[in-house]
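Student: Let the sequences and hints guide you as you build the complete structure.
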Amino acid sequence: RTMFRLLLGATLGASSLVAADYTIYVPNQVHLALGHDASSMSVQWSTADGGSDTLDSTVRYGLSPTALTEIVQGESHLFKDGGDDGYTQTHHVATMTDLEPSTNYWYKVGDELAGWSDVFSFTSAPDTGTSLDGPLRFGVWGDMGTYNSQILSAVQTEVQEGNFDMILHVGDFAYNMDNDNGHNGDDFMNHIQSMAAHVPYMVDPGNHEVAYDFSHYTERFRNMPANSEDQPTVTTGNGEAPNNWFYSHDFGNVHFVAISTEIYFDYPDLISVQEAFVEADLMKVDREKTPWVIVHGHRPLYCSCDADCDGAATTVRNGMEELFYKYGVDLYLCGHEHNYERMYDVYNFTTTQSTVNPPATTYIVTGDAGGPEEHEPFTRTKPDRAAFRTDAYGYSRMTVYNNTHLFWEQVETDTDDKVQNEVIDSTWIIVEDHSPFSERKGN
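Residue 443 is where the sequence shown ends in the working numbering, and the numbering goes up by one at each step.
Among the clues, some could well be false.
[As the list claims (entries may be wrong)] With a straight-line Cα cutoff of 25 Å, these simulated SDA-like cross-link-like pairs (lysine to any residue) come out: (1) 326 <-> 433; (2) 108 <-> 78; (3) 382 <-> 397; (4) 284 <-> 440; (5) 80 <-> 240; (6) 418 <-> 374; (7) 284 <-> 322; (8) 80 <-> 235; (9) 108 <-> 67; (10) 289 <-> 108; (11) 80 <-> 25; (12) 289 <-> 98; (13) 289 <-> 432; (14) 326 <-> 391.
The set of hints was computed from the structure by calculation and includes no laboratory data.
Tutor: The structure is reproduced here in structure tokens:
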């Protein structure tokens, strides 16, 4: 990994935080996502309007930055913002296949006619059921804006130093992607390119993606590994696209399930479809291969800051909590509240305050990455189920060491408090039996 860190540092420097010129066809907004299995990695990028007619969706990749010997052709899709300007661009999606596990690769996207991106590097996923040479390391956050993205510098450094194997962004991007006729979304995607072009950037939709039937989220993250058999596609203001609202994937010995909490408020006809998908998916997880099961969505099932923790949380909780308990979901990660709240095990508002063999799902809100809406203070008394809470800006680190030990940290990056890169909360979560909670000893 030392070589990877050095080379990654060199390529990260090419990504700028200034607004790009989107009238040209040079690839921009490059970002990775995990494929449908450990031997593949998907990449998506954007070019100016007309690219679907004039440009190939080509990826060249290989084991050396000077020997990109593998070539894959992807697909292109025209995307039109729903604003008054009718701004359009082309999104390209391609999948690199036959990757060796836990191996450093280099790649570039574009074509010979209009030009290529920089050469980026990434490490392929570990085999399902295994870890890398060391622990699996995840960056987790939600609710990050283009403006006031307080964590951006810190998490860019984390990626540059090789500290994250995957990033999980639990909804609410840019504030909002559709602002400025979609250009704010372009700027946001280029801001995260310095991370997302090197590390898979996995996502789920938040309430701030609602414009034009979630078209910006759905189209800009087309490369998520959609795998719902009953709902393979969704329809937005831009037309039909792969269903990246709810899906699942493995990473080493962790099984992740993404859900759309927004379905409960905007798409009642999809509520039963999503819940059936989640149950069927959890039912078939092989806990010998992927003992850790983590579900992520945007809105919380439990929180304690304000009225958000009443009606809306109840709606999501009524749909998901019993499934989490029935199938032994270890953690639920979310944002929406612009603060950080790590809870203990919770089931039906009851907690044992345990982090060792907890008898129910552990709930964590990490929605304080920074944006124009700023902080969300805690106006209610801290309940017994809350282990730690703060409204300081920051992001979370999750490190899975093995099949039984997971380490969680919260890093503060708050210019208001003049605190940068300081770990303010940490805990071990130890689970020796990953069976359904009702079958675990002592329950």
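Student: Honestly, which of those hints from before does the structure not fit?
Tutor: Checked against the structure, the hints that fail are numbers 10, 14, while the rest are satisfied.
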